[in-house]
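Chains as they are written, first to last, in our numbering: chain H, 1 to 236; chain G, 1 to 259; chain S, 1 to 291.
To be clear, the hints were calculated from the coordinates, so they are not data collected in a lab. Misleading hints may appear alongside valid ones.
Every beta carbon over 12 Å from chain H, so not counted as near; a handful from chain G, in silico [claimed, not checked]: (1) LYS9; (2) GLY43; (3) ARG72; (4) ASP134; (5) ALA189; (6) ARG222; (7) MET223; (8) ARG239; (9) GLN250.
Pairwise CB distance ranges (calculated) [claimed, not checked]: (10) ASP212(H) <-> GLU140(G): 46 to 54 Å; (11) PHE16(G) <-> ILE237(S): 40 to 48 Å; (12) ARG103(H) <-> GLU140(G): 17 to 25 Å; (13) ARG103(H) <-> ASP78(G): 53 to 61 Å.
From a predicted model like this one, the values you see are computed outputs, not experimental measurements. From the three backbone atoms N, C-alpha and C, an ideal C-beta is built for every residue, glycine too.
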Amino acid sequence: MSTPLVVSEVRKSFTMHLRGGLVLPVVDNVSFSLKAGECAVLGGPSGVGKSSILKMLYGNYAIDAGQILIEHAGGFVDLATASPRAVIDIRRATLGYVSQFLRTLPRVAAIDVVAEPLIARGEAAETARDKAAELLSRLNLPEALWRLPPATFSGGEQQRVNIARGFITDHRILLLDEPTASLDAVNRAVVVEMIEARKQAGTALLGIFHDDDVRARVADRIIDVSAFSARKDAAA
Amino acid sequence: MTAEQPLLKVSNLSRFYGGRIGCLDVSFDLWPGEVLAIVGESGSGKTTLLNCVSSRLQAQAGRVEYRMRDGRLRALSDMGEAERRFLMRTDWGFVHQNPADGLRMTVSAGANVGERLMAVGARHYGHIRETAVDWLQRVEINTDRVDDPPRAFSGGMRQRLQIARNLVTAPRLVFMDEPTGGLDVSVQARLLDLLRGLVSDLGLAVILVTHDLAVARLLSHRMMVMKDGRVIEAGLTDRVLDDPREPYTQLLVSSILQV
Amino acid sequence: MSAIEGIARTNFAYLDEQTKRMIRRAILKAIAIPGYQVPFASREMPMPYGWGTGGVQVTAAIIGPEDRLKVIDQGADDTTNAVSIRAFFEKVANVAVTTHTRDATIIQTRHRIPEAPLSEGQVLVYQVPIPEPLRFLEPRETETRMMHALEEYGLMHVKLYEDIARNGHIATTYAYPVQVAGRYVMDPSPIPKFDNPKMDRSPALQLFGAGREKRIYAVPPFTEVKSLDFEDHPFTIQRFDKPCALCGSTHSYLDEVVLDDRGGRMFVCSDTDFCEERREAGHVGPLGVPA
C-alpha cells in the first residue's frame with residue numbers, strides 16, 4: 001500500500017503585523033502520513049487548527065518549518081518549498097480539495113463549475129459535462145439549477161456543487177473540509193457512499209467531519225490535532 | 001520542450017524618475033499559460049514595471065528576455081526597433097485601462113480588429129472582415145456593430161473590442177493594465193468572466209496590473225505585491241491572499257470590503 | 001535687359017545659387033530613395049503658400065536656359081495659377097514656354113498628369129499640399145516617420161478597409177496612396193486616381209515639391225508605382241460613360257462644365273492641350289465644331 005502524503009514536523013504560526021507583530025502559534029510538530037485507500041479524519045475541539053492543516057496541505061497557508069511530501073508525477077514533491085507553478089500542477093493532477101464554501105464565479109453555470117477540473121486535465125468538454133451531470137443528479141441537485149451560476153444557490157445546494165467539483169476527478173489525494181455540514185440525511189448518505197467508492201479506488205482521503213454519524217462511517221482512523229496544537233489553552 | 005521553459009525572464013529591472021524610484025531590482029519568470037497579477041496601491045510602481053517589461057518604457061538597469069516562436073530566448077534590448085515593434089503587434093498584446101488609448105476611436109470596430117492583420121500583410125478584405133466578425137462574436141459584441149466606430153460603444157463594449165483587437169493575431173503574451181478599472185460592477189463581472197475563458201482557452205500568458213485583489217484572485221495563478229517600487233511579497237495567489245506574510249500585504253488584504 | 005537703374009535684378013530663376021544647390025541636393029537624395037520625403041529648407045517665394053511654392057522651387061532649381069517649360073493647373077494651361085507661374089519663369093529665367101506636352105522639357109503640374117505619354121528626358125514637377133500619406137490616420141510626425149522607417153503600412157489599408165466598409169468600394173478618388181519601388185508609401189499629390197497608372201514605370205523623372213511642408217520626394221524614371229488595394233477589391237480607375245463633348249475622346253479624364261443656369265452641362269477633357277491636339281487632328285465630339 002503506497003503512502004501518497006507524508007507530513008513531518010510541520011509548524012505554523014501567524015504573525016499579525018497589524019497588531020504589533022503579535023505571533024499566534026497554530027500547530028507545531030505535525031507529523032502523520034496517509035495511505036492510499038484510507039480515510040483519516042482530523043479530530044479535536046474547534047479552533048485547534050484542523051482547517052489550518054488542510055489549508056497548509058493544499059498550499060493556501062505557508063508553513064514555518066517541516067515538510068509536506070506529496071507523491072506526484074512519479075516522485076515526491078515538498079509542497080512547502082514547491083514553486084507556485086509546481087503547486088498548481090499538483091492541484092491539477094494529484095491533490096483535490098472540497099472546501100466548506102464555494103467560491104462562486106460570476107456567470108459560470110453550476111455544471112461548468114463542476115466540469116472545470118476535468119477539462120483542466122485535458123478531458124473533452126462534452127465528456128466532462130456528462131460526468132458533471134451524472135454527479136449532480138446523484139447528489140439530487142435539481143436539473144433546473146445546472147445551467148445557473150451557483151451564486152444564488154442555498155448553502156446546501158452550493159455545497160453539493162462543491163462536492164461534485166471535488167469528486168469529478170480521480171485525484172489520488174482528496175482533502176475534505178466539512179463536506180456534509182449543510183446537507184440533509186439523504187445527501188449525507190450519498191456523500192458517504194462516494195467517499196467509500198473513492199477509498200475502494202485507492203484514493204487517500206483526509207477530512208474534517210463534525211457530524212459524528214458520518215465520521216463513524218467513513219473514518220479509518222482519527223488524527224487528534226490537539227496533540228499538535230501550539231496554543232497553550234487548547235493543548236491543556 | 002518549450003512548455004517546460006519560461007516564456008519571459010525578467011532580471012533585476014530598475015527604472016528611476018530622477019532621484020525617485022519607479023521600480024527597483026525586480027526579477028521574475030513567466031511561463032506559458034500563466035497569469036501573473038501585480039498588485040499594490042497607486043504609485044507603488046506596478047504600471048512602471050508593466051511598461052518596462054513590455055518595452056513601452058526604457059528600464060535603466062536589468063534585462064527582459066522573451067522566448068520567440070522559434071524557441072530561442074532573446075533579450076529585448078538586443079532587438080532592433082523594427083523587430084520589437086513587430087513582436088508587440090503580433091506575439092504580444094497590450095490592454096489599456098482606458099480603451100481609447102488602445103483603440104482607434106474614429107474607425108469602425110471591424111477595422112480596429114483587422115488592423116493587426118493588415119499590419120502583418122493580410123490583403124483580402126473579405127477574409128479580414130470575416131475574422132473581425134468572428135472575434136466580435138467571441139467577445140460578445142453584436143456582429144451588426146462591425147461597421148460602427150467605438151465612439152458609439154459603451155465602456156464595457158469598448159474594452160471587449162480592445163481585447164479582440166489584441167487577440168486577433170493569437171499572441172502568446174498579453175499585458176493588461178487595470179482592464180476592469182472604471183467599469184460598472186456588473187460590466188466588470190462579465191468582462192472578468194470573458195477574460196478568464198479566453199485566457200484558459202487560448203493558453204495566454206498574462207501580466208495583469210490591478211489594485212483590485214478580487215480581480216487578481218479570480219484571474220491570476222501567481223501574484224506579486226509591490227510597494228515603493230519593490231516587490232515585497234510574491235507567490236501563489238491563494239497563498240498570498242489567504243496567508244499574507246508582509247505587513248503591507250496584510251494591510252491590503254484586511255482592507256478588502258466584504259460583501 | 002529692362003531692369004530699372006539702381007534696383008537689383010533677381011538671380012537666374014529667382015533663387016540664389018546656394019539655395020538651388022541645397023534644393024538639388026535634396027532632389028538627388030529623393031531620387032536615390034524613391035518615395036522617401038526629404039526635408040529641405042523651403043524659401044519664401046513671391047506667392048502665397050498653397051499656390052505651388054514647392055513645385056516652383058523644384059522647377060527653379062532644375063531649370064536651365066535651354067529648357068522649355070509647360071505649366072498646368074487641373075490639366076489646363078490657361079488657368080490663373082498656370083499662367084502666373086509660366087509668366088514668372090519667363091520673367092526670372094527668360095526660358096521658352098509651351099503648352100504642348102511633347103515639346104516641354106519640364107512640366108510643372110497641379111493635380112493632373114498630362115494625357116499624352118511622357119518620354120525620356122522630360123521632368124514632371126508636382127505641386128504638393130500635404131506630402132504625408134499617413135497624416136490623417138496618425139497626426140504625430142514622429143510616429144509617421146517611424147512608420148515609414150519600419151515600413152509599417154498596415155494603417156494605410158485600415159483607411160481603404162474603412163472605405164469599403166462604408167461605401168462598398170474604395171471611395172478614395174484622388175491623392176490615392178501608392179507604394180514606390182516596393183518600399184515607401186507615397187502621396188501622389190491630389191491627382192485623380194485615373195492618373196495613378198501613368199506614374200508606373202514612366203520614362204519621365206517625377207519630382208514632388210511641398211513648399212509649406214518643406215518636403216521633396218521623387219520617382220525616378222522606370223520605377224514601379226503600385227496603387228494600394230485589396231486582393232478582392234483591386235485598384236480601378238474612373239470610367240466616364242460619355243466621350244469628351246469637344247474632341248470625342250473616350251480614354252481621357254473629363255471635367256464637368258456647367259453651360260447655363262438651366263441644368264445644361266457638358267464633359268470635356270481636363271487636359272486642354274490633349275483636347276486641342278485631337279481637334280486639330282480632326283476628332284469632333286457631340287458638342288464640338290471641327291477645328
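Please list, smallest to largest, the hint numbers that this structure does not respect.
Of the numbered hints, 5, 6, 7, 8, 9, 11, 13 do not hold.
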